[in-house]
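There are 2 protein chains.
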Amino acid sequence: MASKAGQKSISAYGEARSTVEGKPLDAETIRKMNAWFRASMYLCLGMLYLRDNPLLKEPLKLEHLKARLLGHWGSDAGQSFTWMHMNRLIKKYDLKVLFVSGPGHGAPGIISQSYLEGVYSEVYPDKGEDTEGMTKFFKQFSFPGGIGSHATPETPGSIHEGGELGYSLSHAFGSVFDNPNLITLTMVGDGESETGPLATSWHSTKFLNPINDGAVLPVLHLNGYKINNPTVLARISHDELTSLLVGYGWKPYFVEGSDLDSMHQAMAVTLEQCVTEIKEHQKKARETKTPFRPRWPMIVLRTPKGWSAPREVDGHLLEGFWRAHQIPITDVRTNPAHLKVLETWMKAYKPEELFDKNGTLIQELKELAPTGKSRISANPVGNGGLLRRPLDIPDFREYGFKDIDPGLTIKGGMANMARFLRDVVAQNMNNFRLFGPDETESNKLSEVYKAGKKVWMGDYFEEDKDGGNLSPDGRVMEILSEHTCEGWLEGYILSGRHGLLNSYEPFIHVIDSMVNQHCKWIEKCLEVEWRARVSSLNILITATVWRQDHNGFTHQDPGFLDVVANKSPEVVRIYLPPDGNTLLSVMDHCLRSVNYVNVIVADKQEHIQFLDMDAAVAHCTKGLGIWDWASNDQGTEPDIVMASCGDVSTHEALAATALLREYLPQLKVRFVNVVDLFRLISAIHHPHGMSDKRWKSIFTIDKPIIFNFHSYPWLIHRLTYKRPGQHSLHVRGYKEKGNIDTPFELAMRNDTDRYSLAMAAIDLVQSLGNSAAGVREKLYNEQLAAKSEAFDNGVDPEHIRNWKWPFPKE
Amino acid sequence: MASKAGQKSISAYGEARSTVEGKPLDAETIRKMNAWFRASMYLCLGMLYLRDNPLLKEPLKLEHLKARLLGHWGSDAGQSFTWMHMNRLIKKYDLKVLFVSGPGHGAPGIISQSYLEGVYSEVYPDKGEDTEGMTKFFKQFSFPGGIGSHATPETPGSIHEGGELGYSLSHAFGSVFDNPNLITLTMVGDGESETGPLATSWHSTKFLNPINDGAVLPVLHLNGYKINNPTVLARISHDELTSLLVGYGWKPYFVEGSDLDSMHQAMAVTLEQCVTEIKEHQKKARETKTPFRPRWPMIVLRTPKGWSAPREVDGHLLEGFWRAHQIPITDVRTNPAHLKVLETWMKAYKPEELFDKNGTLIQELKELAPTGKSRISANPVGNGGLLRRPLDIPDFREYGFKDIDPGLTIKGGMANMARFLRDVVAQNMNNFRLFGPDETESNKLSEVYKAGKKVWMGDYFEEDKDGGNLSPDGRVMEILSEHTCEGWLEGYILSGRHGLLNSYEPFIHVIDSMVNQHCKWIEKCLEVEWRARVSSLNILITATVWRQDHNGFTHQDPGFLDVVANKSPEVVRIYLPPDGNTLLSVMDHCLRSVNYVNVIVADKQEHIQFLDMDAAVAHCTKGLGIWDWASNDQGTEPDIVMASCGDVSTHEALAATALLREYLPQLKVRFVNVVDLFRLISAIHHPHGMSDKRWKSIFTIDKPIIFNFHSYPWLIHRLTYKRPGQHSLHVRGYKEKGNIDTPFELAMRNDTDRYSLAMAAIDLVQSLGNSAAGVREKLYNEQLAAKSEAFDNGVDPEHIRNWKWPFPKE
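Sequence order for the protein chains is A and B.
Just so you know, we're using this note's numbering here: the first sequence kicks off at 865 and counts up by one.
Just so you know, we're using this note's numbering here: the second sequence kicks off at 865 and counts up by one.
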């Protein structure tokens, strides 16, 4: 059987070729496996085509077909084939296995497995194991009110939809970290393999500890084609592909062919070889208590795209070509000959031999599957919320800055919060990880290394002793790939644990699409009754737009908030704590929450502190509020409202308020700060939104509001659409103006500096008339002088850098 | 010299180890090269630290230092070293070389080269080759009003900033496509190598034709460390790394060490080996006219991070560790001992031997560099706008649909536009390429294959004859990586050519950050006088949110427009042509434009056509306008304005208008369509914006406006902020509600279907009072019936699917 693997053309498919030799299966087992495979393929076609006559007991007619034919056939066979072979080993070795379907649009393949092993009918009793159930099972697929054509949240055992490609391996690794007994069998599409995120995620083995973590067993499916193109990895030499995978740190085993009997033998012996090696590596590391990085086994499975379809239809290739990608024969509704081809094809799977007269899978096939939670699609890891243990969180108040003088105390809120995170790590050693793309220390979070270092399974050098903070047993995950960090975190959360991603603000856009997809996943989970809620995805964004003195324009983009704000209000939360104690309060809140994407924006530098812990908790609980100590409108209507959201923005808005109060003491200024961005929306549109009544009590009905915002100003306009007095709202924020600027210069370019804000206030308060013209001029001159000094010295003037609130506390 | 490469620890640096043996340099050359290297390193430190006393003729004092020390040192040496060695070969073989700096934050390294070869002073005469010029040259770096610490647009010869990491190789490949005589020497950072986009871009060789295209010569710089972590590729075995690069299709040569004399020999012999191989492969392919994919040569350069810095400062590692990443000694302003260390270090480069008493590089060193345009930083490809030839574009009017019956004719506008694109390809064979992630055929653009097939340098199979459309000489670039497609296109454009990316709407978010960075690049180019304008980056988005019947929720995200709208008005343009002729007009306009990012959103399915070619051109020229044929308010103020933007949205808004006109003939309805999204903004904020006067003439002052928008509705609110009658504007759009829905169901979920729009109109026109209650109920019942039918059949009712405008043309 086993000849040299690596033959090229589809026409050379046939007898199996594989790296490992052996024929572990007896004829009877092969007969049953063939039957199971036929059952699976039959179900796949049923899902794609049928709404009635599920077992084809009557001749196939138009009325049995769905009106619109939608779905993917191309990768179904390879995925089914892989899944069913794992079943044999689950039973033999009592394995715990999760299946991640990289090419998620091969959902029929895996949904058919779930149905065959009985899980689907247990989860959805109306899709029972009988003719009626099968009819509903077929009809619901890619049908209104039904399920999608990917491994959507409705799919039992799925934590990975595969709608957007590229994240299968990083999700899989996330699922096995701190899950030492789990093997995540991961089908990697050869199309998906061309994406950047997938291409780098093969390196995840450098961050996997064989003692504490489980194993990922990738099956790279050389299906050969994408939608309309060959795949790169299927069109390079066998040696080149081997070399690539070895270079990535894996030990690839090849299984190639299309002849079923020999393919069963090849897959059985190869998969068992891989499982055995995994167990050996784990045993060695665990018994010797010496973590190491083995060359983990993996499989390259080369089968024809659309395997088991007709090779040709009307002289054009189907099996083994890209035409098999979606609906394999598209015109069955209008072409009677093709309807006949479909019927003949489906009948060739011999459904009458596989399902009894009630439409129930026959007993001898049922016995091929494991039972209970050992069934892949019943693995509770696939519904990770079930396994979720709440974090053991220390009292964040204990970490707060004491004796805050509002506007005077200068401290580093991020570095301080790191002490809290350190203890969260320490108290949840197998249940929480911190993720980040090589920025954790730069982001002032290095205190966490005291509880858990950076996981590193690459080589160690002498130099690492000089502050390397590397360890195989670390709790911090750092690779310079936002995609991989995010994917790991998603996998870790979806399998029932907790985590936090920290990242530079400008480059969080790298994972816009991943966060979008995660939002969509957890929103849909809300509609799936049996899905238990998972921990929130927490994203801490720092190194923000306002402090990019030398990195300049490329590092200035606070627009991730706009992307997040487009997602469902059920799912997204955005916080911009103005100082250290509010940051602690927000972080505690986010770590306790479930099923959200929480975005926290906070600068990492030292800043003026505003609120003591009690005030911080009260402020965060309200989400926004008037800062009385900074306002002088007590008991009256103000002349103007100065509002802010974001730490640097708050600092400048407060400095502007001080200038106004000093130079124009008769002016009544109210100062408002917003922590929870979605408080600004109407309560009709977001659970955190507030009523117009509350809005008026804070922002007034008609007084000018100058709102200094951290991000692009238009987001505030959008959130406050139709608010009372909306026309009095003047938002300042980042307007895409920047270069190599000092913080003050950058603020000035965007009209967010204290002088610009104060001058704008003077222009807007009509009651001041011309009386304030002199003050305005004074402000203008001070602004120019400050700019000039910054420009000459390359650093902001002392009175700008170390500005403090000039008024005594009440 | 050449011992086994692959030694691990920094402490094992020293004598060079390399794959190729040989000592091509004589002692005199080595002496000069060492001097050049010292000059380069001296200039780097000068940029990081000094604002005065550039040649250290006086003892170094605090007042000579910049007030804030910013910039990167870590990768400067390796980049300088590589650049200078290429100079030798440029002179020897008369090469044309472009340098792409992956780790762009090593800008001092390459800026120093540009200064040493005289280009910098030619481009910026105030930074002349003398003491005064050097002083300014130092001070401007990372200084307000100066230049950034990456290879920003101000950098002569740069087309790649390297602010956001990951795109060096794809940019480099873009630059050499159709540039047969160019070698793009590409420094790939080992940190950057961990990003997804970089990890997959190594595969670009499968799309490079050695006859028509030039060559990319990557130098993977194993610098060893990122900001605070080791790099993955520097911590795997030599064999594994070799295997990885061979697997990617390359032939890696190693050069490793820190001893300068032997490193010069090793780099000289290795680089020459690579250049020779490149030329041999090209010669073979060109002489035989047989394109093939050689294993292209590349270099792995392992040198210590911060090479030539002190190994230790105060007992902590500097050279060869991550502490050398940014400013190598940070506290020189406050620690006199460290100031002395810096001075000693700088003086060890012996500036007095390198620059004469005027501060000019001595003649014998000047002679090491090539001259004129052969100097890397003077290569005109680095200022690609200079080389740009306008496209030869056929008259798009010739491709238009003739005899359009507004609202009746049904055609496929995308497939039709493909005929225009086909001829653009045909008439610009070396000057235009079409890019896309395996979706060109799915997007109905396959007509272009008649002019140029898909470039494919992977293996060919028999099957490809059955409609594979692959060719080494293709003009269409398809890999399943939006990152790589975008990177190639950016490189192609920035080096002076033209192109178009086509992509599914939902997954265009994958490249949010890349498009952001490109916007920032071209905006900054506007401020750099010597930069000639380049072709616009054209992005055609299709497979849009409203037609995702089976892909469902994951494929519904029109929010890319929000990301783009945050960028500078000088740079971004967004078009949503409502039909086929407007699509042609918009495409023609975009292909002719320069220095923009043009985003075009259009569905790929067949749709009702609205405008004949003259009307389409007029409509696109105005950017928005009233469609008189659909309105019945001629000569009067309307009761309501129905507005739309986007093809599907226009279709439903028009159907709603028809329902209103049929059921409530007394109602005066005005129909407005928007093609050019930025027409909605005030002229103050965007060059395409319009005045309030014009706004009023179209949208009225106070009449209700129902605006049916393609994307998230909030974008319209943001764009129309403070418009007259803003409170009368009711925007409908995608509200993140979707599943496996028919188009009608999906529209209903988001209140954008014809019935919802018509009912909203009735609710808003107060003059109707209760008289329209019956009509409203009728609409509601028709809506329910349509939904019910769609739900039962899995397909929308015939009268919804094939709806046509019921009124005769004027």
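Worth flagging that the hints you see were computed from the coordinates, not collected in a lab.
Among the hints, erroneous ones may be present.
What the hints assert, rightly or not - Taking lysine-lysine and the PhoX-like style, the derived pairs with C-alpha atoms no more than 25 Å apart in a straight line are: (1) B:Lys1115 <-> A:Lys1586; (2) A:Lys1601 <-> B:Lys1148; (3) B:Lys1230 <-> B:Lys1115; (4) B:Lys1586 <-> A:Lys1557; (5) B:Lys1586 <-> A:Lys1586; (6) B:Lys1601 <-> A:Lys1586; (7) B:Lys1003 <-> A:Lys1601; (8) B:Lys1586 <-> A:Lys1567; (9) A:Lys1003 <-> B:Lys1003; (10) A:Lys1599 <-> B:Lys1153; (11) B:Lys1557 <-> A:Lys1586; (12) B:Lys1560 <-> A:Lys1586; (13) B:Lys1115 <-> A:Lys1115; (14) B:Lys1586 <-> A:Lys1560.
Unchecked claim - Simulated restraints, written as ranges between beta carbons of each label pair: (15) A:Asn1199 <-> B:Lys1668: 26 to 34 Å; (16) A:Thr1194 <-> B:Phe1655: 40 to 48 Å; (17) A:Pro1254 <-> B:Lys1115: 53 to 61 Å.
The beta carbon of each residue, even a glycine, is placed where N, CA and C say it ideally should be.
Hints, one by one, checked against the model:
no., hint, result
1, B:Lys1115 <-> A:Lys1586, "violated, 62 Å"
2, A:Lys1601 <-> B:Lys1148, "violated, 51 Å"
3, B:Lys1230 <-> B:Lys1115, "violated, 33 Å"
4, B:Lys1586 <-> A:Lys1557, "holds, 22 Å"
5, B:Lys1586 <-> A:Lys1586, "holds, 11 Å"
6, B:Lys1601 <-> A:Lys1586, "holds, 22 Å"
7, B:Lys1003 <-> A:Lys1601, "holds, 22 Å"
8, B:Lys1586 <-> A:Lys1567, "holds, 16 Å"
9, A:Lys1003 <-> B:Lys1003, "violated, 71 Å"
10, A:Lys1599 <-> B:Lys1153, "violated, 53 Å"
11, B:Lys1557 <-> A:Lys1586, "holds, 22 Å"
12, B:Lys1560 <-> A:Lys1586, "holds, 20 Å"
13, B:Lys1115 <-> A:Lys1115, "holds, 21 Å"
14, B:Lys1586 <-> A:Lys1560, "holds, 20 Å"
15, A:Asn1199 <-> B:Lys1668: 26 to 34 Å, "holds, 28 Å"
16, A:Thr1194 <-> B:Phe1655: 40 to 48 Å, "violated, 23 Å"
17, A:Pro1254 <-> B:Lys1115: 53 to 61 Å, "holds, 54 Å"
Checked against the numbered hints given earlier, the structure breaks hints 1, 2, 3, 9, 10, 16 and satisfies all the rest.
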